[in-house]
Structures are given as structure tokens and as C-alpha cells.
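Quick mapping for you: the protein sequence lines, in order, are chains V and U.
Take the UniProt record's numbering: the final residue in the first sequence is number 657, and no numbers are missing along the way.
Take the UniProt record's numbering: the final residue in the second sequence is number 204, and no numbers are missing along the way.
Think of the hints as simulated: they come from the structure by calculation, not from any bench.
Watch out, some of these pointers could steer you wrong.
Claimed, not checked - Derived Cβ-Cβ restraints for the label pairs, each shown as a range: (1) Glu131(U) / Val511(V): 49 to 55 Å; (2) Val600(V) / Asp46(U): 38 to 44 Å; (3) Ile575(V) / Glu64(U): 32 to 38 Å; (4) Glu110(U) / Lys640(V): 36 to 42 Å; (5) Pro88(U) / Glu530(V): 38 to 44 Å.
As the structure is a prediction and not an experimental result, all values here were calculated from the model.
Note that the Cβ used here is the ideal one computed from N, Cα and C, for glycine as well.
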Amino acid sequence: MAYRFRQDGLRFSLGFILAISLAGLQFIAILFVVTTSYLSSERAILNHANGLMERAGANAVGHTKRFLEPAGEVVDQASRVLNSGLVGTTDRDTMERYFFELLQTESSVAGINYGDEKGNFVYVMKSDGPGPYRTKFITIEEGVRKTDFIWRTEDYEIVARDNDPLDPYDARTRPWYIKASALDTRIWTNPYIFFTSQQPGVTVASPVVFEQEGLQGVVGVDIEISDISNFLSELQVSKSGAAVILHQDGSVLAHPDPDQIKVLNDDGTLSFANIKDIDDPVSRAAFANFEDEAVTNFGLPSNFSFRRNDYLGLFESLEGVGLPWTVAVYAPENDFIGEIKRNRARNIWIAAGISLLTAFVGLTIAEWILRPVRAFAVRTALVSQGEVSAQAPLPRTYRELSKANKTLINEIAQRRDSEEKVQELSRDLAHFSRVNLMGQMASGLAHELSQPLTAITQNVDAAISTAKESGAASEDLMLILKELDEQAHQGGNVVRALRGFVRKDRGRMAVFNFNELLDQAKRLMRHEAESRHVALIYEPAKHPMVKGNRTQIAQVLINLIRNAIEAIATADSEIRQVVVHAETASDVLRVQVKDTGPGVREGVRLFKQFQTSKESGMGLGLSISRSIVENNGGRIWHDKEAKDYTIFCFTIPLETQ
Amino acid sequence: MTNSTVFLVDDEAEVRMTLSRALRKRGFTVEAFDSANSFLNQYNPDQPGCLVLDYGMPEIDGLELQSLMNKAKISLPIVFISGHGGVPESVQAMKAGAVDFLEKPFRQYELVACIQTAFERDIEMRQKASEQSDAQARFERLTSREKEVAIFMMKHPSNTASKEIGRALDISPRTVDHHRARILEKLEIGSVIELVELSHRVMP
Numbered sequence: 001m002a003y004r005f006r007q008d009g010l011r012f013s014l015g016f017i018l019a020i021s022l023a024g025l026q027f028i029a030i031l032f033v034v035t036t037s038y039l040s041s042e043r044a045i046l047n048h049a050n051g052l053m054e055r056a057g058a059n060a061v062g063h064t065k066r067f068l069e070p071a072g073e074v075v076d077q078a079s080r081v082l083n084s085g086l087v088g089t090t091d092r093d094t095m096e097r098y099f100f101e102l103l104q105t106e107s108s109v110a111g112i113n114y115g116d117e118k119g120n121f122v123y124v125m126k127s128d129g130p131g132p133y134r135t136k137f138i139t140i141e142e143g144v145r146k147t148d149f150i151w152r153t154e155d156y157e158i159v160a161r162d163n164d165p166l167d168p169y170d171a172r173t174r175p176w177y178i179k180a181s182a183l184d185t186r187i188w189t190n191p192y193i194f195f196t197s198q199q200p201g202v203t204v205a206s207p208v209v210f211e212q213e214g215l216q217g218v219v220g221v222d223i224e225i226s227d228i229s230n231f232l233s234e235l236q237v238s239k240s241g242a243a244v245i246l247h248q249d250g251s252v253l254a255h256p257d258p259d260q261i262k263v264l265n266d267d268g269t270l271s272f273a274n275i276k277d278i279d280d281p282v283s284r285a286a287f288a289n290f291e292d293e294a295v296t297n298f299g300l301p302s303n304f305s306f307r308r309n310d311y312l313g314l315f316e317s318l319e320g321v322g323l324p325w326t327v328a329v330y331a332p333e334n335d336f337i338g339e340i341k342r343n344r345a346r347n348i349w350i351a352a353g354i355s356l357l358t359a360f361v362g363l364t365i366a367e368w369i370l371r372p373v374r375a376f377a378v379r380t381a382l383v384s385q386g387e388v389s390a391q392a393p394l395p396r397t398y399r400e401l402s403k404a405n406k407t408l409i410n411e412i413a414q415r416r417d418s419e420e421k422v423q424e425l426s427r428d429l430a431h432f433s434r435v436n437l438m439g440q441m442a443s444g445l446a447h448e449l450s451q452p453l454t455a456i457t458q459n460v461d462a463a464i465s466t467a468k469e470s471g472a473a474s475e476d477l478m479l480i481l482k483e484l485d486e487q488a489h490q491g492g493n494v495v496r497a498l499r500g501f502v503r504k505d506r507g508r509m510a511v512f513n514f515n516e517l518l519d520q521a522k523r524l525m526r527h528e529a530e531s532r533h534v535a536l537i538y539e540p541a542k543h544p545m546v547k548g549n550r551t552q553i554a555q556v557l558i559n560l561i562r563n564a565i566e567a568i569a570t571a572d573s574e575i576r577q578v579v580v581h582a583e584t585a586s587d588v589l590r591v592q593v594k595d596t597g598p599g600v601r602e603g604v605r606l607f608k609q610f611q612t613s614k615e616s617g618m619g620l621g622l623s624i625s626r627s628i629v630e631n632n633g634g635r636i637w638h639d640k641e642a643k644d645y646t647i648f649c650f651t652i653p654l655e656t657q
Numbered sequence: 001m002t003n004s005t006v007f008l009v010d011d012e013a014e015v016r017m018t019l020s021r022a023l024r025k026r027g028f029t030v031e032a033f034d035s036a037n038s039f040l041n042q043y044n045p046d047q048p049g050c051l052v053l054d055y056g057m058p059e060i061d062g063l064e065l066q067s068l069m070n071k072a073k074i075s076l077p078i079v080f081i082s083g084h085g086g087v088p089e090s091v092q093a094m095k096a097g098a099v100d101f102l103e104k105p106f107r108q109y110e111l112v113a114c115i116q117t118a119f120e121r122d123i124e125m126r127q128k129a130s131e132q133s134d135a136q137a138r139f140e141r142l143t144s145r146e147k148e149v150a151i152f153m154m155k156h157p158s159n160t161a162s163k164e165i166g167r168a169l170d171i172s173p174r175t176v177d178h179h180r181a182r183i184l185e186k187l188e189i190g191s192v193i194e195l196v197e198l199s200h201r202v203m204p
């Protein structure tokens, strides 16, 4: 008799939901914080990186300028001195000495020379040996060309001499000479590899012009730019960042690795490597945009990707100095934000770990939260099985649940109680109907016997009268008739005794709720109704309490309902309904039992004993019902007016009566 | 008891037949009916006598017939005979004015005694009723003013002086005297004391 609880609620357990939602929320929250802090710090660091790059670029530009400026000053000074005639353009010894002095003051200058229109040439330069300085003279005297070399010490002492009659050099054919004399102003040549030192360099040249005579020659200062490469290699843009200087035509002028910039030509000469051919893929990628000289966004970030790594890039122009050069600075993004990228990955792992931990904590908490709920579930099961009384104190639980708990437990207990009450009623009814049946049979017999006994006594009385009238009243006859009368009355006494024996017991009259009784009766009859496919319908309503013998009234109700069900089943009616309806009528409750059966057969005297239309019936049901109802102060009748239904009605006095 | 009739109502044919025969032999006039309905349809209330009534009958039973008759103001006395013989039923029958409640089978002398009692009661009641209607008829002869005076005297038997009546009804004592004489004459009585007695019969 255990009640089965419906399982059609939520599919997941409370614990599972709690764990998942706690862990999920935690994970999302951590992920959110990690991502936003990553993004904002990435932005800050990249901004900072761009600043660093700009500084590195500006540094490279400044340094390059500073590196080149002394050469410009030297050439300006030399050209002023020569123009003013302080040093004569033909006085080659003074000129040598002057150039020597200048060379000593400026360490970055590699050499100073002067070539005139006639082909004479003075060139003082730093040398590897036999002395630290070397002078080259080319003199043309009366069409004869002479080339002399003098090596000197720091102190201008001659160390060695030499000459080379085959030297083919002619300054007038050199680009710096041609350009300066043509433009009549100070010029910078394109970088080139110096003939003598084989180092990359550049020459700044200025024409020497006398006011009267016009152009005399051109003074030039050579400056080696391999030092710029050295500087770049020392310039720490970032851990693996670098700066490169490029000429307008794509030649690499300076590179942290100085060896990269020179290429040996087929004819044995050296020239600058083009950025497209350089053995440095990152630089190539950085200058990919530079190909068509499209880089005009000097000073603005110019980012690029190489081998799936993002690089920050920046271009600075040297145009301001008068050089068509560009400084490019680049650095892999990861040099700056690599650390926080690694942090991000680590943080996500930490988030996942914390989420797992939270899920575990969630499960534990859910387990803890659920314990009282589970205890309650166990209790309901026990109560429904009758192992624990509903009145026993409930296990401790949450405030929200305790009220529902109480209601549920009480409901279960009530159901059990009402089930027990139905069983009790059923037992009472069985007992009552056995006793009642006997009583009814006895009282029926008594009634039936009293009629012929009455007829006998009346006939005796008539016989005595007749005998007296006719005058034939012999003593014997009168004695016989009197004895006959006496015997009939003795029979009457037996009948009376029988009647007294089964004297109708009104039993215990009590005040009770008819609806409750109706509900119990319906439950008792449910199987019978279902097995005969009859719908047993009743509308519960609020009625005043009634007064009577509960078991007896139940007997009547069940008897009427059973009759109704049997009538429907026997006739095999199409509509199979038994409707029980109760309503208050002045001081009684009127109960109707309607059925869709065939109705009462003509000629049957209802409520009389031994009158029946059933094949296997004694005809006592309605007669018993009638005596019960009347004993309880009510009436029972068959409503002959009803058309669609067969209706039996009975009344029960209300409590107020 | 000369013209009184025993009306017998019983659904059992045997009982009906033997009982009416026995009573006839004893000199009673008997009319038998097989149901309450057939009795109600055929009975004329002017017929004196009594009703011998079976308690247990289909449709309208004895007690129901009794209450129907009480409602219809048919005052025919009733002797119940019953094959059930329940105490509650008999108590109810007696309360509602039955002469007796006999259980079948009963001693004939008991029934006869009951019938005699019932006849006497019937005759008495009919006499009372006729006197009452007679007094009523005489009272109806009075004019409305005379009725007013008469009713006042009936209600206040201690204040029958003409002055007091005149004051109460706002008429002169002389007129009251005049009305009083007419009242005694019309009601065929000699004194005001008789008027008070009559009043009990007219307005019980």
C-alpha cells in the first residue's frame, strides 16, 4: 500500500545543478577578469612599446645625424679655408698639413681630399700601415702624371714613401666631384664602398670657387658608415628587435650585422646589398612595404607579421638632414607582451582549476543542503508505509520546506487514515448486512405470517357469529372455535416474539459528514463499477452535517449504487453512468442515485420484501433500505417522473433537527 | 351507532375480506378499500363512523394517510392495525390522534372496543361541529356595529357596562344599550354570561 511518488519533476538532481552552476559561474567570472586585464595590459604595453620604438627610431636618426654632421662641418671649414686663400689651392704641402690636422680632430672622418680642375689631387686618409696616416698626391706637371704615397705618424713624421705610376685615379671623374661642381653647393654622395678601405662610406663634397677665376676644384670628406652599423647593433630596441638604415634605392646602408650589407660583384668590386636580397628575413618582411617607396607614414607604427609572429615596426626619415635615407625599427610583439600572453594562458588554466575546485565544493555544499531534504523523503516513504506515525516529530529541515513537509506528511497520513476508514466501513457493512439480512428475513416472515393469522382469527369470529345466528352453536363447536382462535393468537405471539427478537436496532446515531461517507462508499464501489465499465460520478459539495447511523446509511447508499450498476450491466446500456447527487432540502439532505439503466420493470412493488426483478436476488435490498432510512428518520422513494434516468432518492435528517 | 360505518383500508385482500365479513356478522356497516387513494376518492366527510387502517401499505401508508386527513381537516377517528408493529410508528400514530394501534393478529374484542370508542368520539365531534356552525350562523346575523359591540363584550367579560363600552367604541351608552338588546335577541340568548359561553364555541 505504499504510495508511489511522481518522478516527473526536474531531470537533474539539486546537487548536480548547484555544482555545475557554481563552477560555470566561477569559470566565466575568472575568464572575464583574465581577458579584460589581459586586453588592457596588452594595450598599455603595446603603447609603451610603440613609445620605445619611437625613441629607438629617433635615437638612430639622431645618432646618424650626429655621426654625419662632423664631416659636413669639416668640408665646410675646408672649403672656406680654400676659398679664402688661407691655404693655396696649389700649395699641396700646406694643404696636406691642413688636412692632416683636420683629420686628427675628427675621428669619424676617414679621409679628406682635394681635386682640382687640372687633375691634381691631394688625399689624406687614415691608414692601417705602415703609418696611421697616408697621403696620396697626384700631380700633373706638363702633361706628366705622378702619383706619390706618404705614410706618416701621429706626429706628422714620415714613415714610408712610395709611388705608383700606373695609378689610374682621376678625381674629376668621381661622382662627388661631378655632382658638387655641377650643383655648385655642398652635396652628399650616395653611399659606396670605399676604393681603398673597402668599407661602406659616403662622401660630402663642396666646390672651391674663386670669385675671379671661377671653379678651382672640389674638396671632399670621406666618412665611413660601418660605424653606424656598429651603433645599430648596440642600439637595444628590445630583446630581439633591430634597426636598419636603408637608402632610397633599397640598398642596406647599415645593419646590426655589418657583414650583411656588402656584396661582392662579379668584377671583384663591392656594392651594397639590396634589402630584397639580404640574408635577414625579418628585415625583408619589415621592408616589404618599402618596395615601391610607398612608405610615407614616417613616425607612425607600421606593424607586420612574419612566421605567425606579430612585429611592431616604425619608419623614420632622414630627409631633414638632406639624405634620402630611412631608418626602420622593428621588434617582435612578444618581446613586450610575451610575458603577459604566457600569463593569460596560465590564468586560464588556473581558472579551470578553481572551477573544478568550486564544482567539488558545490557538490559538497549541495550534499549538505540536501541532507534534510533526503531525510524528509525517507520520512514520507516511512509514513506512507505506516512504519512511522505522522505525528512523530519531523526531521529538522529548512523553514521554506518545513511547512510543505508538514502538509505532505499530514496528507499522506490522512490518505492512510481514510483508506483505513474505508476498510473499516467495509467491515462494518459486511457485519451489518449479515445481521440485517437475518433481521429482515425474520421480520418479513413475521409480517407475512401475521396476515393469514389475522384472516384466521377473523374467520373464527365470523364462524362464531354465524353459529350463534343459526342456533346450531353446540358447546363442542364453540369450544373448537375458541381453541382455534386461541391457537391463532398463540401463532401471533410467536410472530410477535420473532418481531421482538429482531426489533429494529436504531444503533448508534451520530452526527457525520455525508460527503466523506459518499467518498468512502465510492471507493468501495470503484472496483465493481470499473469491472462493469460504469462511470461512478459524484460532485462533492459542502453540506451541513447529517445525523443518523453512519453504517446503515452507507448500506443504503451502497445498495442503491450496486443496484444501479447491476441494472446498467444487465441491460448492457450504451451510456454507462451512475450519478450520485446530494442537496439540502429544508431540514433534510436529499440524496439522488441516478443511473442510465433500463428502469424499474412494470409490476414490481418496490420496497416490498421478496420483490425483485433480478435473476439472483432475494428482493430484500430495497426493503432493508427502506426500513433503515425510515428508522433513521428519513424517506426513500423511486422518482417515477424522471425520464432519462432511473432515480432513487432518500433523505437523511440534518444535524440541526 | 346506528348509521355509523366502519371504513376499512388494507392492501391485503385476505385480511380485508375476512375482517369486513366478521365485523358485518357482528352488526357493523363496513366499507372496505384496498388503498389509501381509493378511500380518499370515495369517502364523503359527512359520513359518520371510523377508519380501521392498515399501517404498512405501498405508495401511501397508514401514517401518511393519517397526516393527509389531518391536513384536509377530515376528523374521522382512526384505529391502526399493523403487521409490523413498531413502537416508533405506534407512538407517531397516537400523537397524531389515533384511537389505538393494534398489532396483527389482534383480539376481536379489543378491535370492537376500539371501534366503539371511535364511534363515540366521532359522534361527539360531529355534534360539537354542528353546534359551532349553528352559533356561527347566528353570529353572522349581527350587523357590523353589533358584531363590534359583541366582540368587545366577549373579550372583556368584566367590563360590560354600557358607559365603558360606549367610551371604548366612541358611541353613546344609549346606543350601546340598544345594540346589546338586539344582540341578545339575534343570538337567541338571555344574558351576557351566555354570550361569553357562546364565544368559546364560535372562537375556540
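Each hint, compared with the structure:
1. Between Glu131(U) and Val511(V) the CB atoms are about 50 Å apart, so this pair conforms to the stated range of 49 to 55 Å.
2. At about 40 Å, the beta-carbon gap between Val600(V) and Asp46(U) stays in the expected band of 38 to 44 Å.
3. Taken as a hint, the range 32 to 38 Å holds for the pair Ile575(V) and Glu64(U), whose Cβ atoms sit roughly 35 Å apart.
4. One distance hint, 36 to 42 Å for the beta-carbon pair Glu110(U) and Lys640(V), holds here, with the actual separation near 38 Å.
5. Separated by about 40 Å at the C-beta atoms, Pro88(U) and Glu530(V) satisfy the suggested range of 38 to 44 Å.
Checked against the numbered hints above, the structure breaks none of them.
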